[in-house]
Structure formats: C-alpha cells, structure tokens
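So the sequences go chain by chain: A and B. The numbering of the first sequence is this note's numbering, which starts it at 1 and goes up by one. The numbering of the second sequence is this note's numbering, which starts it at 1 and goes up by one.
Simulated from the structure, these hints should not be mistaken for laboratory data. It is possible that part of the hints are untrue.
[To be verified] Sample of chain A residues at the chain B side, in silico, Cβ under 8 Å:
#1 Pro22
#2 Arg80
#3 Tyr81
#4 His100
#5 Cys106
#6 Arg109
The C-beta atom is built at its ideal place from N, Cα and C for all residues, glycine as well.
Spelled out from the first residue to the last, the chains are:
There are 2 protein chains.
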Amino acid sequence: MTPNHPHPTAISLKFDPNGLIPAIVQDAATKDVLTLAYMNAESLQKTIQTGETWFYSRSRQELWHKGGTSGNTQKVTEIRYDCDADALLVLVQPAGPACHTGAQSCFYRTLPENP
Amino acid sequence: MTPNHPHPTAISLKFDPNGLIPAIVQDAATKDVLTLAYMNAESLQKTIQTGETWFYSRSRQELWHKGGTSGNTQKVTEIRYDCDADALLVLVQPAGPACHTGAQSCFYRTLPENP
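Turn these sequences into a full structure, and let the hints steer you where they fit.
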C-alpha cells in the first residue's frame, strides 16, 4: 500500500501477479454478459469514483475508459466480487454496444457442438 | 497438436501462457453469473464430450469435474466465445449451488460504494 499502488477498497481483493483482476461486465437490465475485461487497482478506483467502467488494456498496457472514444460508455450500477475475491462482476447500463465489432456483447459466437 | 495437447476445436481459441482460458459460467434460465473458472484444452474437451462442466484448478493444478463430489453438476447448454477468442461463456443448467460456500452464485457479495 504505497501512493503508487492505491488500494481501492478495504476488502482484500486478490490481484494476479500482473496486478490485474478479471471483471465480468453484465448488462443490469437484460443480464446479458457483455465482456470479460481486466482491471488493475487504479482502474477499479476510477470505476468506483466516476461510476463508469475503466479497464486495463493488457495489449496496450494502459488504462482505458470504456466508451471514452466511441461514446459507448457503461454506467455502473453495482460491483460484486466472488468467494475467492479474485474476480469481479460489474453490472452496468450500457450507452451502446459493448464490443468493438459493434456487437451488443463480445460473446456473439457459439462454439460448435461437434468441433 | 499432439495427443498430449488435444486441440478441442477447429476455432483458434487463445489460451494464456499457462494453457488456460477463463470461463464465465452463467445460469441459462435465470441468466445469473455463477462462477468465473478456468479451463485448459483438456477440460474444455471433456466439457464438450460429457455435456457437463470440467475446469482446471489453478490451486490444485488438476482437472476437476464440477459437482463430481458435491453432486452440484452443471449441464452445459451452450458455449460461447468472445471477439478476441480468449474468454468463454458457458451457459448451464445447474443441479445445485455453484459456490463451494453453498451460495447459488460465487458473486454473492457487493463491493461497498464508498470503500
């Protein structure tokens, strides 16, 4: 707990060795699962402070405000965490599609039954 | 693609450096998110073959058949994958609680708004 690594909550969430925790994003109204993204302590803190989702991009290695460019922000209504405190479930009201492809959910494809 | 590393599908799913892919488990009827667990290629193959969820335990470093001991199995109705092909969404009909605590969902706690 240093100023460079702000601890976002009094709860001991378990971040992985890279300082990340997976965050499932679910539409609060339809209950559709929209995205699996990752947060670090800072993006979780910004999510709580702003009431909109902020994630950590593993490929770009930087914080990103979901919808900051596209306008497809996600208003957070609730953040849950699991029994092991190593995963988050973020309930949101999305302003637009969650997926960069334009799909409402990133999970728009089904695995074949007999691959 | 060797006999020791069966490739479960024709789709190029992206497993992480540890050979794992996160799998969100969602109740097909209520749409509640139940668990975030991890699969390796073998557990995904067993899931597809048996129609029940199999995961890879990172702590025990072994395959586990969800409900194999407790009886709280999960019948798989659909497996989806995301735009990046690095996360799964598994829709299930659960025979009992998903969580080892006895809770219906592992996400039974809410993060305080003002931690």
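Hint by hint, here is what the structure shows:
{"no.": "1", "hint": "Pro22", "verdict": "holds (6 Å)"}
{"no.": "2", "hint": "Arg80", "verdict": "holds (4 Å)"}
{"no.": "3", "hint": "Tyr81", "verdict": "holds (6 Å)"}
{"no.": "4", "hint": "His100", "verdict": "holds (7 Å)"}
{"no.": "5", "hint": "Cys106", "verdict": "holds (4 Å)"}
{"no.": "6", "hint": "Arg109", "verdict": "holds (6 Å)"}
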